[in-house]
Amino acid sequence: MLRQKAFFSGLTYVGGLLVLAIFIGPIVWFIALAIRPAETAFAMPPQFTFQPGLDAFRHILVNPGTNAPQLVNSLIVAIGAVALNLPFSVPAAYALSRFKVRGKKNIMLWYLGLLMAPPIAFLIPYFILITRVGLQGTYFSMVLVLQTITIPFSVWLMKSFIDEVPSELEEAARVDGARWYTVMWRITLPIVRPGIIVTSMFAFVFAWNNAAFPLVLSSRSTATLPIGTLGYFATSGVTWNFIAAAAVLAMIPPMIIFLVFDRYVVRGLTFGSVKG
Amino acid sequence: MSVQTVLAPQAEKPVRPSFVRRYLPYLLIAPSVIMLLSLIAYPLLFALRSSLYFWNLQIAPQPLTFVGLANYVQALNAFDFRDALVNTLVLSVTGTAIEFAFGLAIALLLLKALPGMNVVRALLILPTTIAPIVVGFLFRYLYDPGGGLITWLLRVFGAPVPPMGLLGSPTTALAAVLFADVWQWTPFFAIVLYASLLSVPDEIIEAARLDRASPLTMLIRIKLPLIRRTAVIIAMLRFMQLFNTFDTVLVLTRGGPGTSTRTLGYSLYEQGLINFNIGLVSAMTWITVLIVNVIVALYVSFAFRNEEW
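Protein chains in written order, with numbering that gives the first Met the number 0: chain A, 0 to 275; chain B, 0 to 308.
Derived from the structure by calculation, the hints contain no laboratory data. Treat the hints with care, since some could be wrong.
Pairs of lysine to any residue, SDA-like flavour, derived with a Cα cap of 25 Å [claimed, not checked]:
no. : chain 1 : residue 1 : chain 2 : residue 2
1   : A       : K4        : B       : I219
2   : A       : K103      : A       : R219
3   : A       : K274      : B       : S300
Based on the provided sequences and hints, a complete structural model is requested.
This is the structure:
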């Protein structure tokens, strides 16, 4: 019996290692591409040991530093998209959580439908519109268009956090004569601040990882990091070490956010509809 | 006297909340709805109008001739658009099914709760955090016919690899694109299913165990029905994301070879931003939007049917 149990534990660990090898192995291999000597990138058979170096990162960040401004651009666009979204989504999430709203279900499902709409379907009209009003290549054009993702996402996720604040607290304040905005601003929002932070973090990841909008709306000087990696394909002779280095830079912020906010990952990825 | 002064403010009370209840919620929701409507109405109306004209940006900056529904007819008759529709459906259906099955298997493995397995669980989500376009680059490297790790592994295990590589052969390209997506999103299913299986009450499991239910019966008859809502929601979300697949295809194959990996998203990209055939792409956009709307409406009404709001 005991031996049987040990056997099954062993089997579980083998399964766990296999899962890690399959899902984390490729990421490690791609990071290795960024720090290995360029000539060993496509060695056959693959070289698992090599002298690591930071030449690729030096190339993309310092000299000539093609991707350094793109890193900044990515930050500007993603932070801008989150910042612009808050004044729209916080009040809406609060109202949908706290008040009786006619057609609440339809409004919520409409937001959800937008999240599932194909962004590519909007790209060409946006491209033509933004060009006509002279906003092409601006950060603002990307931040604005990203609202089609960040606003519905934030309303859904934030509503799930506000739903959890017991309404007795608000009623107590209201009995004391507090007006609705005092209740919202002084009581509910401070309590759900962690929820707002979590929502903003995941919205940041969605904006940061979006490549479709910047692909069409950015210019050479406002291109974001994913577009920058795409740029290496256009230059003659694909330089994979640089692609990998730029891609690793693009991978780091979302990975950190997901590992730090581990508790909320299930909720974030399902827009709050599944509580983890 | 003293009773009346206490009662008076209370009698007034219902007046204020009723005004607040009537207008305030809508005023709070309105900015987001107006913002979103103005962001999506223009593209849709613009595409609706353009779809009725012959208009190629390479020929003229303005629409040329009114052609009625000719663009829609052309889109539906074009073999590449029909292939794209079929590929997109194949990708979405098989992708969601495979990711769900693997995800469930991994979730059950994680539920064994042995020391150290929480490290596996924490790291497992990493593929899902990566931008799809970066996943495209990652797999292009792994699939490289000359020195890719996956190509090498397949050869070591004696599996035949087409000379043009997995992405270069029409028979394997779609499966290769699918595999990249399965790699990225299986962890998503695993983590969410694990979390919801964990919340199945112990008493129910115990009761079933006393009834000598086999592990498989327990999974199919007890656990899965209990997490049905979660399962339906995440399958729906993933199906739609797969349906919109575009970035990964752009990096991996550009829809090729031939039309073997062309998706609806990539077709729209190519007609609009490479060929600048605005009239045709607008018709394709509307066809896509209609299909997506039907699927979303069906799904949403099913998944959130019994929801309390």
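Comparing the hints with the structure gives:
Taken as a hint, the K4 (chain A) and I219 (chain B) pair is honoured in the structure, with Cα atoms around 24 Å apart against an allowance of 25 Å. Taken as a hint, the K103 (chain A) and R219 (chain A) pair is broken in the structure, with Cα atoms around 43 Å apart against an allowance of 25 Å. Of the supplied pair hints, the one linking K274 (chain A) and S300 (chain B) holds, its CA atoms being roughly 21 Å apart against a limit of 25 Å.
Checked against the numbered hints given earlier, this structure breaks only hint 2.
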